[in-house]
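Visitor: The listed protein sequences correspond, in order, to chains A and B. Residues 1 to 115 in the working numbering are what the first sequence spells out, letter by letter. Residues 116 to 227 in the working numbering are what the second sequence spells out, letter by letter.
Misleading hints may appear alongside valid ones.
[As the list claims (entries may be wrong)] List of simulated lysine-lysine pairs, DSS-like, C-alpha gap at most 30 Å:
1. A:Lys41 <-> A:Lys66
2. B:Lys183 <-> A:Lys20
3. A:Lys55 <-> A:Lys14
4. B:Lys214 <-> B:Lys183
5. A:Lys14 <-> B:Lys226
6. A:Lys41 <-> A:Lys64
7. B:Lys164 <-> B:Lys226
8. A:Lys20 <-> A:Lys66
9. B:Lys214 <-> B:Lys164
10. A:Lys20 <-> A:Lys55
11. A:Lys14 <-> A:Lys64
12. A:Lys14 <-> A:Lys66
13. A:Lys14 <-> A:Lys41
14. B:Lys164 <-> B:Lys183
15. B:Lys214 <-> A:Lys55
16. A:Lys41 <-> B:Lys183
17. A:Lys20 <-> A:Lys41
18. A:Lys64 <-> B:Lys176
19. B:Lys214 <-> A:Lys66
20. B:Lys214 <-> A:Lys64
21. A:Lys66 <-> B:Lys226
22. B:Lys176 <-> B:Lys214
23. B:Lys214 <-> A:Lys41
[Claimed, not checked] Here chain A is said to cover these stretches of chain B; the calculated rule only asks that three of the stretch's residues, wherever they fall, bring their Cβ under 8 Å from a Cβ of chain A:
24. 134–142
25. 177–190
These aren't lab readings, by the way, just hints derived from the structure by calculation. Heads up, the beta-carbon is just placed ideally off N, CA and C, and yes, glycines get one too.
Chain by chain, the residues run as shown.
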Amino acid sequence: GAVVSQHPSRVICKSGTSVKIECRSLDFQATTMFWYRQFPKQSLMLMATSNEGSKATYEQGVEKDKFLINHASLTLSTLTVTSAHPEDSSFYICSALTSSRYEQYFGPGTRLTVT
Amino acid sequence: AQSVTQPDIHITVSEGASLELRCNYSYGATPYLFWYVQSPGQGLQLLLKYFSGDTLVQGIKGFEAEFKRSQSSFNLRKPSVHWSDAAEYFCAVYTNAGKSTFGDGTTLTVKP
C-alpha cells in the first residue's frame, strides 16, 4: 500500500526560530499533497494544498508567510513554520493524493512544541 | 456546501460487543465517502471507502460500512470489537480538487 512518512515525528523549538517538517511519499509519486493541523480532541484543519512545481494554495485564514510550503519533487513536500510562537504548537499531518485523485494517504504526523 | 456530521462524540463499548459509528453527510452529487481511524499521536489510516456500486463495503480490521443514500448516511460497523480498536474515528466526504471534508470524529473506548 501507499506509504507516507513525516520527519521529524517530534520537535521542540524556541520561540522565534523556524522549523521544517518533511513529508515524503515513499512508494508512489504525488503531485498533490496536503498539510493539516490538528488540535487536541479536534478534527483535522486543512492548511494548504501543495502542488509539485507550483505555489501552494492556502486555506482562508492561514498565513502563507508564516507557513511556507515547498513541493520540489513528486515525492517530497516541506512545511516550514517561520518565527514560531507557542500558539503554533500543534500536531501537523501531511497527506499525499494518490493517482486516483480521490484518496489521500496520511503521514504519521509531527508534534511541534514551541517553548 | 459539503459537510459531515458524526453525532456521537464519544462511544464506549465492551470488548466483544458490536459497534456502530454514525456518519451523516451533505453533498449535492454522488458522494465519495471514507472512514479513517487515528490512534493517539498517529496519522490517519484508511479503513474503507465508498465510490460506487455495492452499498455495503468491507474494509480492513473487520470493519464494514453501509451507504444509504435515502438517509445520507455512511455508518461504520464491526460485529465484535477488540481492545485494540480503541481510537478516534473520522468520517469524510470527498469535495473537490482532491480535498475531503472531515467530521469532528468519534472517540471509541473499549471496556475490558
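Visitor: Are the hints correct? Go through all of them and say.
Guide: To see whether the hints hold, each was checked on the structure:
1. A:Lys41 <-> A:Lys66: This hinted pair holds, its Cα atoms lying about 24 Å apart.
2. B:Lys183 <-> A:Lys20: Measuring from Cα to Cα gives roughly 43 Å; hence the hint is violated.
3. A:Lys55 <-> A:Lys14: At roughly 28 Å apart (the allowed maximum being 30 Å), Lys14 of chain A and Lys55 of chain A satisfy the hint.
4. B:Lys214 <-> B:Lys183: With a Cα-Cα distance of about 22 Å, the restraint between Lys214 of chain B and Lys183 of chain B holds, given a limit of 30 Å.
5. A:Lys14 <-> B:Lys226: violated, 40 Å
6. A:Lys41 <-> A:Lys64: holds, 25 Å
7. B:Lys164 <-> B:Lys226: The hint holds at about 28 Å.
8. A:Lys20 <-> A:Lys66: Distance of about 12 Å is within 30 Å: holds.
9. B:Lys214 <-> B:Lys164: holds, 15 Å
10. A:Lys20 <-> A:Lys55: holds, 17 Å
11. A:Lys14 <-> A:Lys64: holds, 21 Å
12. A:Lys14 <-> A:Lys66: holds, 15 Å
13. A:Lys14 <-> A:Lys41: holds, 25 Å
14. B:Lys164 <-> B:Lys183: holds, 14 Å
15. B:Lys214 <-> A:Lys55: Given pair Lys214 of chain B, Lys55 of chain A holds - Cα atoms ~17 Å apart, limit 30 Å.
16. A:Lys41 <-> B:Lys183: holds, 28 Å
17. A:Lys20 <-> A:Lys41: holds, 24 Å
18. A:Lys64 <-> B:Lys176: violated, 39 Å
19. B:Lys214 <-> A:Lys66: holds, 22 Å
20. B:Lys214 <-> A:Lys64: OK: Lys214 of chain B and Lys64 of chain A at ~19 Å, within 30 Å.
21. A:Lys66 <-> B:Lys226: Judged against 30 Å, a Cα distance of about 43 Å means the pair is violated.
22. B:Lys176 <-> B:Lys214: holds, 25 Å
23. B:Lys214 <-> A:Lys41: The hint holds at about 21 Å.
24. 134–142: violated (count 0)
25. 177–190: violated (count 0)
Of the numbered hints given earlier, the model fails hints 2, 5, 18, 21, 24, 25; all others are met.
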